[in-house]
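Chain order of the listed sequences is A and B.
Sequential numbering of the first sequence, starting at 1, is according to the numbering used here.
Sequential numbering of the second sequence, starting at 1, is according to the numbering used here.
Worth double-checking, as some hints may not be accurate.
[Stated by the list, open to error] Here are the computed lysine to aspartate or glutamate pairs in the EDC-like style, where the Cα-Cα straight-line distance is at most 20 Å:
#, chain 1, residue 1, chain 2, residue 2
1, B, 78, B, 173
2, A, 48, B, 11
3, A, 189, A, 156
4, A, 186, A, 119
5, A, 48, B, 105
6, A, 189, A, 170
7, A, 48, A, 86
8, A, 190, A, 170
9, B, 201, A, 86
[Said to hold, decoys possible] Pulled from the structure, derived: some chain B residues nowhere near chain A, Cβ distances all over 10 Å:
#, residue
10, 40
11, 47
12, 78
[Unchecked claim] Here are the in silico distance ranges between beta carbons for each label pair:
#, chain 1, residue 1, chain 2, residue 2, range
13, A, 39, B, 44, 53 to 59 Å
14, A, 40, B, 186, 47 to 53 Å
15, A, 55, B, 148, 33 to 39 Å
16, B, 103, A, 236, 38 to 44 Å
17, A, 109, B, 40, 46 to 52 Å
18, B, 59, A, 110, 26 to 32 Å
19, B, 106, A, 13, 28 to 34 Å
20, B, 200, A, 109, 53 to 59 Å
21, A, 8, B, 43, 53 to 59 Å
22, B, 118, A, 110, 17 to 23 Å
23, B, 103, A, 55, 23 to 29 Å
24, B, 43, A, 200, 56 to 62 Å
Simulated from the structure, these hints should not be mistaken for laboratory data.
Don't be surprised by glycine CBs; every beta carbon is placed ideally from N, CA and C.
The lines below spell out each chain.
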Amino acid sequence: MNPAIAFRDVSYGIQGKEILRHVSFEIAAGETFVLLGRSGSGKTTALKMVNALLMPTSGDVLVDGTSTRDWDPIELRRGIGYVLQDAGLFPHFTVARNVALVPELLGWEKARVEARVDELLVRMGLAPGEFRERMPRQLSGGQRQRVGVARALAADPMILLLDEPFGALDPITRHELQRQFLNLRKAWKKTSIFVTHDVREALGLATRVALLHEGRIEVLAPPREFLAARGEEVTTFLAGLDWRLED
Amino acid sequence: MQGGIARDILDLTLEHIVLVLAALSIACLTGIPLGIALSRRAAWRGWILGLANVLQTIPSLALFGFLIPLPFIGGIGKRTAIVALVLYALLPVLRNTLTGLLGVDPAVVESAVAMGMTPRQRLVRVELPLATRTILAGVRVAAVTTVGTATIAAAIGGGGLGVFIFRGLASVDVHLILAGAVPAALLALLVDGGLGWIERKFSPV
Chain A
1 MNPAIAFRDV SYGIQGKEIL RHVSFEIAAG ETFVLLGRSG SGKTTALKMV
51 NALLMPTSGD VLVDGTSTRD WDPIELRRGI GYVLQDAGLF PHFTVARNVA
101 LVPELLGWEK ARVEARVDEL LVRMGLAPGE FRERMPRQLS GGQRQRVGVA
151 RALAADPMIL LLDEPFGALD PITRHELQRQ FLNLRKAWKK TSIFVTHDVR
201 EALGLATRVA LLHEGRIEVL APPREFLAAR GEEVTTFLAG LDWRLED
Chain B
1 MQGGIARDIL DLTLEHIVLV LAALSIACLT GIPLGIALSR RAAWRGWILG
51 LANVLQTIPS LALFGFLIPL PFIGGIGKRT AIVALVLYAL LPVLRNTLTG
101 LLGVDPAVVE SAVAMGMTPR QRLVRVELPL ATRTILAGVR VAAVTTVGTA
151 TIAAAIGGGG LGVFIFRGLA SVDVHLILAG AVPAALLALL VDGGLGWIER
201 KFSPV
C-alpha cells in the first residue's frame with residue numbers, strides 16, 4: 001500500500017533563500033505527523049506543499065502515490081482539510097455556510113449538507129441551534145477554531161492539515177481543543193499533519209514528530225524516542241519542556 | 001413665465017440625471033472589470049492607474065474641448081459629454097475596486113484556495129463580497145463628482161442643468177445661475193446620501 005503522503009528529496013527555495021533542503025519522509029494512513037520547529041524552520045512551507053499551495057523547487061510530494069505536480073490542484077484540495085491559526089473563516093459567511101463550503105463545492109444535496117453541518121457542530125461541542133447562524137466575528141477565538149476544524153472535516157477528507165491551529169488560544173482552551181482533537185483522531189483515523197512550535201503539544205498529539213531546523217529534518221521519531229534523542233536543536237526544544245514542567 | 005421656468009428646471013434636471021446615469025453605468029461596467037483584471041496582474045497596474053490619474057488631472061472644460069474634434073466619440077452633443085464624464089468617473093471606480101480586492105485578508109484568500117475553490121468561485125463568493133463596500137465607496141465618489149462635472153456638459157451642447165448656468169453667466173443673471181446650481185447641488189447631496197445608505201447596508205463584516 002502507498003503511504004498516504006510521501007516527501008521525496010524535497011527542496012524549496014525562493015529568491016535565493018533555501019527554505020527546505022532535501023527533505024524526505026513518508027506518512028502512513030491514519031498517522032498524526034507533527035512538524036515541530038521554530039518560526040522560519042520551514043514547517044509551514046512543507047505543509048503547504050501537501051495541498052499544492054506551494055510546489056517543490058526540486059523533488060516530489062506524493063499524495064496517495066501521485067505527485068502533486070500531476071494532481072488537479074482543485075480536486076486535490078477538496079480532498080484535504082486545512083485549518084489555519086486564525087481559522088481563516090470567511091467573515092461574510094455564517095458558521096453554517098463556512099462549514100458547508102466544501103460539501104457545497106462538491107455538489108452534495110442540500111439536505112445532506114445541512115445534516116452534515118449539524119453533525120459536525122455537535123461533534124465540536126457547538127450547539128447547532130445556537131451557533132449555526134452566527135457570524136465569525138461573534139465567536140470567541142476557541143469557538144472560531146472549532147468551526148475551523150469542523151469546516152476542514154466537512155467533506156470527510158482523507159487528509160487533514162493543521163497549521164498551528166491552537167497557537168493563538170489561551171492555555172485552557174488550547175488544552176480542551178487538543179483533547180478534542182485526540183478524541184476525533186481515535187474516532188475518525190484521518191491522516192493528519194500538524195504544525196506547531198510547542199514541543200509539549202507535539203509530544204502529546206503525535207504518532208511521530210519531525211523536528212525541522214533550517215529546512216532540514218534533525219530528528220524523526222515517535223514521541224517516546226524523541227525524548228531520548230540527541231542534538232543541539234532537540235536539546236533546546238526539550239529544555240523548554242523541562243522549564244515548563246518545573247514551573 | 002413662473003410655470004415655464006419650473007418646467008424647464010424639471011426637464012433639465014431629468015436630462016442631467018440621464019447624463020449622470022449613462023456615464024456612471026459605463027464607468028462601472030468598465031471600471032469594475034478592469035479593477036478585477038488589474039488585481040490579478042500587478043505588471044499593468046502602474047500603467048493603467050497612471051493613465052487614469054492623468055485623465056483626472058485634465059481640466060474638465062479642456063477635456064470636453066479636446067474631445068470635440070475626435071471622430072466617433074467626439075463632436076458636439078450628449079455623446080461627447082458622456083465620454084468625458086466616463087473618463088472622470090473611471091478612476092475612483094477602478095481604484096476602489098483594486099483597493100478593495102487587494103485589501104481582502106490574505107488568510108481568508110488562502111483558505112479559499114486551500115478549500116479547493118476555483119479562481120472564479122474565489123472571486124465571486126469571497127473576494128468581491130468582501131470588497132463590495134470599498135467598491136461602492138468609489139462609485140459614490142464617482143457619482144457625486146459626475147453630478148457636478150455634468151454641468152459643464154452644456155458647454156458642448158450636452159444639455160443638463162449647466163444650460164441654466166451658462167445662460168445665466170452669459171446674461172449676468174444670478175437667478176438663472178442659481179436655477180442650475182441649486183438643483184445640481186441638491187442632486188449631488190441626494191446621490192451622496194442614497195449611495196452612502198446602500199454602502200452601509202453592504203457592510204459584510
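Status of each hint after checking the structure:
1. 78(B) x 173(B): 25 Å, violated
2. 48(A) x 11(B): 62 Å, violated
3. 189(A) x 156(A): The hint holds at about 11 Å.
4. 186(A) x 119(A): 17 Å, holds
5. 48(A) x 105(B): 18 Å, holds
6. 189(A) x 170(A): Outside the cut-off at roughly 27 Å; violated.
7. 48(A) x 86(A): Given that 20 Å is the threshold and the Cα spacing comes to 16 Å, the pair holds.
8. 190(A) x 170(A): 26 Å, violated
9. 201(B) x 86(A): Since the Cα atoms of residue 201(B) and residue 86(A) sit roughly 27 Å apart, the hinted pair is violated (cutoff 20 Å).
10. 40: 17 Å, holds
11. 47: 25 Å, holds
12. 78: 40 Å, holds
13. 39(A) x 44(B): 53 to 59 Å: 35 Å, violated
14. 40(A) x 186(B): 47 to 53 Å: Because 60 Å falls outside the window, the suggested range is violated.
15. 55(A) x 148(B): 33 to 39 Å: 52 Å, violated
16. 103(B) x 236(A): 38 to 44 Å: 39 Å, holds
17. 109(A) x 40(B): 46 to 52 Å: 34 Å, violated
18. 59(B) x 110(A): 26 to 32 Å: Cβ of residue 59(B) to Cβ of residue 110(A): about 57 Å, so the range 26 to 32 Å is violated.
19. 106(B) x 13(A): 28 to 34 Å: Hint violated: Cβ distance 21 Å, outside 28 to 34 Å.
20. 200(B) x 109(A): 53 to 59 Å: 37 Å, violated
21. 8(A) x 43(B): 53 to 59 Å: With a Cβ separation near 35 Å, residue 8(A) and residue 43(B) fall outside 53 to 59 Å, so the hint is violated.
22. 118(B) x 110(A): 17 to 23 Å: At 21 Å between Cβs, range holds.
23. 103(B) x 55(A): 23 to 29 Å: 27 Å, holds
24. 43(B) x 200(A): 56 to 62 Å: 47 Å, violated
Of the numbered hints given earlier, the model fails hints 1, 2, 6, 8, 9, 13, 14, 15, 17, 18, 19, 20, 21 and 24; all others are met.
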